[in-house]
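In this note's numbering, the protein residues as written are 2 to 468.
Since the hints were derived computationally from the structure, they do not count as laboratory data.
Incorrect hints may have been included.
[Stated by the list, open to error] Lysine-lysine pairs mimicking DSS-like chemistry, simulated, CA-CA at most 27 Å apart:
| # | residue 1 | residue 2 |
| --- | --- | --- |
| 1 | LYS247 | LYS449 |
| 2 | LYS14 | LYS93 |
| 3 | LYS446 | LYS247 |
| 4 | LYS388 | LYS7 |
| 5 | LYS29 | LYS69 |
| 6 | LYS14 | LYS69 |
[Said to hold, decoys possible] Computed Cβ-Cβ distance ranges for the label pairs, DEER-style:
| # | residue 1 | residue 2 | range |
| --- | --- | --- | --- |
| 7 | SER262 | THR355 | 23 to 31 Å |
| 8 | PRO25 | ILE357 | 27 to 35 Å |
| 9 | ARG371 | ALA203 | 21 to 29 Å |
| 10 | GLU132 | LYS22 | 31 to 39 Å |
| 11 | PHE308 | LYS7 | 32 to 40 Å |
| 12 | LYS449 | GLN130 | 43 to 51 Å |
From a predicted model like this one, the values you see are computed outputs, not experimental measurements.
From the three backbone atoms N, C-alpha and C, an ideal C-beta is built for every residue, glycine too.
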Amino acid sequence: MAPMLKFTVQVSKPELIRPEKPTPREFKYLSNIDDQKGLRNHIPFVHFYPPSTASSQTHDQDPVGLIKQALARALVYYYPVAGRLRHADKGKLVVDCCGEGVIFREGNADIKLAQLREADGGLKPPFPQWESLLVDDLWGSVLVTDSPLLRMQVTRLACGGFVLAYTLNHCICDAYGAYILIKAISEFCLNPTQAAPSLLPAWGRQALHPRSPPTISYPHHEYDVTSSSPHDPEDPTVAYTETDFKSLAQTSVFLSQADISSLKNQTYSQKSPAFHAIAGCLWRARTRTLMSPQSTTRLLFPIDTRFRYTPSLPEGYYGSAVVFACAIAKAGELVDSPLHYTSNLISQVKKVVTEIEYRASMLDFIEMNRRREFVADGGFAVSDMSKLRFVDLDFGWGKGGYGGPGRAGTGLVPGMVTSVIGHKNEEGVEGVLALVSLPAEYVEKFRKEVRKEIDCGNSYAKHISAL
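Take the sequences, apply the hints, and build the full model.
Below is the structure:
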């Protein structure tokens with residue numbers, strides 16, 4: 002969205018919101034997935050809502066008071082979120098369920114949602130004056146321990162709509178966990194007398210304990226030590242600053258369903274997962290844009306283990322539950338080969354990672370190599386959130402105009418992580434949106450490389466139809 006759009010946001014001082022009822026005071030175990038070095042960061046999300054046209058009682062209420070009350074009620078069930086992370090033995094983190102609360106602010110902006118929609122391609126990241134819509138946003142690995150795990154801001158818009166923005170400590174939840182937490186808050190907004198969330202949260206970390214003795218059954222290239230990585234696994238992770246992250250430009254690239262079909266044409270199968278084609282396209286475009294042909298490039302992508310593997314995780318599990326696949330290629334070979342070569346690389350590593358013992362092997366690997374972070378040398382991570390419908394969450398104002406990640410630039414390494422979300426553009430076209438962070442001088446080249454990948458698929462389809 003255009004950076005030229007200016008408006009004023011008056012933001013309150015922060016207050017701590019605690020669970021509305023007493024909750025257990027205890028320490029809770031975090032799994033090796035939760036507290037691994039690569040997830041010691043924060044994940045920001047945002048929802049934009051127009052003025053309500055509903056006839057329900059909620060549409061005349063102030064979203065700030067309603068959401069604040071619902072948050073306090075939801076924290077009774079998600080009470081670890083109101084706690085703090087503490088250091089334990091050997092670098093392990095635990096949750097101190099102290100009930101100290103989460104940060105909440107309210108704001109007032111002198112702009113209408115329609116004005117935001119009209120600016121530079123519609124309502125999508127990067128958003129103008131994001132730092133005013135979530136003043137407590139956190140970049141990189143700062144304030145992970147001894148600090149609130151959730152920071153939320155509700156900003157009223159001049160039209161009667163509002164913006165809900167928040168950032169969560171990644172050690173306490175992943176994107177799915179964030180979704181079910183915010184869904185619980187939305188349910189309490191819609192029905193303040195509802196007794197409990199429709200999906201009760203589950204801690205369930207006992208299913209993710211390492212084996213005794215730990216047994217590494219697979220290679221874990223996602224944690225490879227490279228020439229530019231610390232050789233001593235006890236060395237601390239390089240701490241990038243907020244300035245390092247903000248020095249990169251942010252952009253978002255929309256791929257319509259027709260674009261995705263064009264990419265899938267090049268994988269020789271419309272039945273292959275769309276993610277293989279989308280991630281392959283982004284990986285190749287980024288490699289062409291930033292890397293030399295002689296370098297080694299790696300694609301990392303998380304796979305949710307809630308619905309596969311044994312022991313199974315309980316319904317309502319909101320902790321981090323992903324394993325990371327890692328596809329490796331020489332940059333020159335990756336970009337000189339057709340897209341179906343890249344898609345096959347992704348398919349092959351995904352097949353290994355989804356084998357029944359892979360998650361247990363990863364947990365054991367982290368147990369034995371606790372300080373190892375994700376490989377960053379030539380690394381590019383693509384997180385698929387396209388099935389999480391943040392935009393559909395209703396707080397009493399109907400469906401949102403946008404719902405999903407607040408920005409690119411998440412993770413521990415600037416520019417390494419791209420999120421892919423389901424999105425409908427301002428013309429009503431369905432597709433996905435890729436949130437990307439990279440040096441400003443390479444933004445246009447990257448966008449052109451993505452378009453070249455899509456156009457190549459269109460040319461292939463025309464060739465096949467002419468035969």
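Hints that the structure is at odds with (numbers, increasing): 2, 4, 11 and 12
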